[in-house]
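S.K.: Residues per chain, in single letters:
Number of protein chains: 2
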Amino acid sequence: MLHFELLATDPHSHARRARLTLNHGVVETPIFMPVGTYGTVKGVMPRSLAEMGAQIILGNTFHLWMRPGLDVVKGFGGLHAFEQWHKPILTDSGGFQVWSLGAMRKITEEGVHFASPVNGDKLFLSPEVSMQIQTALNSDIVMQLDECTPYETAGVPTSEDEARKSMQMSLRWARRSQEEFARLANPNALFGIVQGGMYEHLREESLGALAAMDFPGYAIGGVSVGEPKEEMLRIMAHTPHRLPAHKPRYLMGVGTPEDLVQGVASGVDMFDCVMPTRNARNGTLFTRYGDLKIRNARHREDHQPLDPSCTCHTCAGSAGVSWNDGGRGGFSRAYLHHLDRCGEMLGPMLASIHNLHYYLNLMQEVRDALQAGSFAALRAQFQADRARGV
Amino acid sequence: MLHFELLATDPHSHARRARLTLNHGVVETPIFMPVGTYGTVKGVMPRSLAEMGAQIILGNTFHLWMRPGLDVVKGFGGLHAFEQWHKPILTDSGGFQVWSLGAMRKITEEGVHFASPVNGDKLFLSPEVSMQIQTALNSDIVMQLDECTPYETAGVPTSEDEARKSMQMSLRWARRSQEEFARLANPNALFGIVQGGMYEHLREESLGALAAMDFPGYAIGGVSVGEPKEEMLRIMAHTPHRLPAHKPRYLMGVGTPEDLVQGVASGVDMFDCVMPTRNARNGTLFTRYGDLKIRNARHREDHQPLDPSCTCHTCAGSAGVSWNDGGRGGFSRAYLHHLDRCGEMLGPMLASIHNLHYYLNLMQEVRDALQAGSFAALRAQFQADRARGV
Chain A
1 MLHFELLATD
11 PHSHARRARL
21 TLNHGVVETP
31 IFMPVGTYGT
41 VKGVMPRSLA
51 EMGAQIILGN
61 TFHLWMRPGL
71 DVVKGFGGLH
81 AFEQWHKPIL
91 TDSGGFQVWS
101 LGAMRKITEE
111 GVHFASPVNG
121 DKLFLSPEVS
131 MQIQTALNSD
141 IVMQLDECTP
151 YETAGVPTSE
161 DEARKSMQMS
171 LRWARRSQEE
181 FARLANPNAL
191 FGIVQGGMYE
201 HLREESLGAL
211 AAMDFPGYAI
221 GGVSVGEPKE
231 EMLRIMAHTP
241 HRLPAHKPRY
251 LMGVGTPEDL
261 VQGVASGVDM
271 FDCVMPTRNA
281 RNGTLFTRYG
291 DLKIRNARHR
301 EDHQPLDPSC
311 TCHTCAGSAG
321 VSWNDGGRGG
331 FSRAYLHHLD
341 RCGEMLGPML
351 ASIHNLHYYL
361 NLMQEVRDAL
371 QAGSFAALRA
381 QFQADRARGV
Chain B
1 MLHFELLATD
11 PHSHARRARL
21 TLNHGVVETP
31 IFMPVGTYGT
41 VKGVMPRSLA
51 EMGAQIILGN
61 TFHLWMRPGL
71 DVVKGFGGLH
81 AFEQWHKPIL
91 TDSGGFQVWS
101 LGAMRKITEE
111 GVHFASPVNG
121 DKLFLSPEVS
131 MQIQTALNSD
141 IVMQLDECTP
151 YETAGVPTSE
161 DEARKSMQMS
171 LRWARRSQEE
181 FARLANPNAL
191 FGIVQGGMYE
201 HLREESLGAL
211 AAMDFPGYAI
221 GGVSVGEPKE
231 EMLRIMAHTP
241 HRLPAHKPRY
251 LMGVGTPEDL
261 VQGVASGVDM
271 FDCVMPTRNA
281 RNGTLFTRYG
291 DLKIRNARHR
301 EDHQPLDPSC
311 TCHTCAGSAG
321 VSWNDGGRGG
331 FSRAYLHHLD
341 RCGEMLGPML
351 ASIHNLHYYL
361 NLMQEVRDAL
371 QAGSFAALRA
381 QFQADRARGV
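Just so you know, the protein sequences line up as chains A and B, in that order. With this note's numbering as the guide, the letters of the first sequence map in order to residues 1 to 390. With this note's numbering as the guide, the letters of the second sequence map in order to residues 1 to 390.
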């Protein structure tokens, strides 16, 4: 089930404000989706995710297939009860991870043969198998199996001919995914994935064929796969607004806060990225006024929270009143610097909460601006603030 | 400030129910105190500690002196604001950690010379320095500097003569600690520490001299330092009830759940131990019916929480209704097994919450039983339950 309502559009860009209704709840877009690879958003409790306003999280089909294994998740009736997250979940197809195995896998028309990186078992992933796994996971949004066209192989960029062949196989896999999804009577929503590498006309061929198949939603794949930033931005400017207007649009694996705001302007509704949690574990924190390295000695005695305008638990404590609004209930930069220096778990825990809250709150501000008709002003303010520096 | 009220005593043992009023709040005893070495109880957010009923936590003077350094904590007016824990804190003297440096330190009558394990700086810890540091930390309960008499050195048990000399130096350091604490006009409460090794008559000599100095509270040190369990139990049976009745009694560094219940029966009011958090990180979970190794394959598909009678966030979710009472809001053994197998941070996070809650709840049950006059029945039930097995 997926019901899509377009609530507002921006006259100066392709940005739009919409609402998805899925089997486990409602998702207000534009939205950022925290990544929960192994059935957990790294370092964050489900209750913290709910408190910071997360509406939908990701799970990785490939990783969950390997561990804990499908039999275990099936016993719980799906991923929601297993991981104690009762709002919507999106799962990927497993294709990206299999593709990342490199020499350990062999891709054919039928599917991908590979050896399990956990125990060496010989395994096979096909569009049909991916649909069967995602049906067992009972994710609200299911992704077709696609071949993620690489940007380059051993330093040589993918040629137009290679990108076309890869894109065309993804289209055939889209059809097989759709047929298997229907055969399984999966009650959730299946998204098609646009491929075509860095070639605009191939992207158009892909999205035209997928649109004809009438998926309830569409993703843009094959970006954020090692290409230069300007290549990603070129595809992001080209493809999203060409997708069907009355279907959700998901840009896979992107990106920085700047990428998200630019992506919204390009017509994207949904984003996911490991950056907020991965950077948190490495001590890089996102703030309204730019990024902050907590390891830096300048923070040693700083009593301010990471972001004085932030209302997350890390910056504002349980009361949720920001430092700028007079709240003094949060953790200081000095304390977070100390935790990082001592290698204490609480450091990445608090940093992950802050970074995810930053991304989710940024999308909340974007939604509010779209609703109020002030998206252009928000973009200008966002860029000025981020450029100011911490 | 320390106000002590004796609320109930058990006619069949030395157990007692009491209440301490300290500068940052009230502590109901018998109590277990979670250990927050570097200004954080490892893997647990302060709000979680508060939710599970923690009344007082520990900080380690030596570690906090090294990192973040006293200047940083002083800038916050003490440890409470720095670590965002606003209830009582107890700090140790730093002696135990300095003593643990082995060849890197030299103990004299004046104090201990040692090299910083963080940066090699030559440092000096004396009773006076310890009081100065703990005054900067502003902990509610301050411990005298003592010499922790070892159980054995290079395999040779400490002789009576060595134990006497060590204990007598600790008495002289107790006097110096008390004088410096008074000179600093520290508004908190200073505890004396009974030493004497494994020799009962030396313990009596120590506690007699300390009692004459009229400390507001007393600790028993030099246990849980590598001695055989029966030696610890012998001292635990001997010393606590001989301490002044109208002062709190703190058994340092002890122990298992069984040790705690036995300690209460022996007249102890306060305990601390790293066991609940350390074991949590190693996948050993405490439950009403014995200990559980989450790594064991038998838990792979088990839908039960760690302890079906437990109301902690891990076992019962945000609703706090245990599995036995019909709650289904907690995390399963299968999920915790999976997190452990994947090395996910959420595993130790949830395990630490559970283990600390187990210890705190056990002490709550002990307090309730002492109040109700049913401590003997509780001990019998506790032993039967724990022996039953998970």
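One or more of the hints may lead you astray.
Identical copies look the same in the list; a pair holds intra-copy or inter-copy alike.
Claimed, not checked - No farther apart than 30 Å at their CA atoms in a straight line, the calculated lysine-lysine pairs in the DSBU-like style are these:
1. Lys293 to Lys42
2. Lys293 to Lys165
3. Lys293 to Lys106
4. Lys74 to Lys165
5. Lys293 to Lys74
6. Lys87 to Lys106
7. Lys165 to Lys87
8. Lys229 to Lys87
9. Lys229 to Lys122
10. Lys74 to Lys229
11. Lys229 to Lys293
12. Lys122 to Lys165
13. Lys42 to Lys229
14. Lys42 to Lys165
15. Lys165 to Lys106
16. Lys87 to Lys122
Note that these hints are calculated values from the structure, not bench results.
S.K.: Could you run down the list of hints and mark each one as holding or not?
M.R.: Against the structure, the hints come out as follows:
| no. | hint | verdict |
| --- | --- | --- |
| 1 | Lys293 to Lys42 | both (20 Å within a copy, 22 Å between copies) |
| 2 | Lys293 to Lys165 | neither (43 Å within a copy, 51 Å between copies) |
| 3 | Lys293 to Lys106 | neither (41 Å within a copy, 39 Å between copies) |
| 4 | Lys74 to Lys165 | neither (36 Å within a copy, 66 Å between copies) |
| 5 | Lys293 to Lys74 | between (42 Å within a copy, 24 Å between copies) |
| 6 | Lys87 to Lys106 | neither (36 Å within a copy, 60 Å between copies) |
| 7 | Lys165 to Lys87 | neither (38 Å within a copy, 65 Å between copies) |
| 8 | Lys229 to Lys87 | neither (33 Å within a copy, 49 Å between copies) |
| 9 | Lys229 to Lys122 | neither (36 Å within a copy, 51 Å between copies) |
| 10 | Lys74 to Lys229 | neither (40 Å within a copy, 46 Å between copies) |
| 11 | Lys229 to Lys293 | within (22 Å within a copy, 47 Å between copies) |
| 12 | Lys122 to Lys165 | within (26 Å within a copy, 69 Å between copies) |
| 13 | Lys42 to Lys229 | within (26 Å within a copy, 39 Å between copies) |
| 14 | Lys42 to Lys165 | neither (36 Å within a copy, 52 Å between copies) |
| 15 | Lys165 to Lys106 | within (16 Å within a copy, 74 Å between copies) |
| 16 | Lys87 to Lys122 | neither (34 Å within a copy, 56 Å between copies) |
Taken one by one, the earlier hints fail for this structure at numbers 2, 3, 4, 6, 7, 8, 9, 10, 14 and 16, listed in ascending order.
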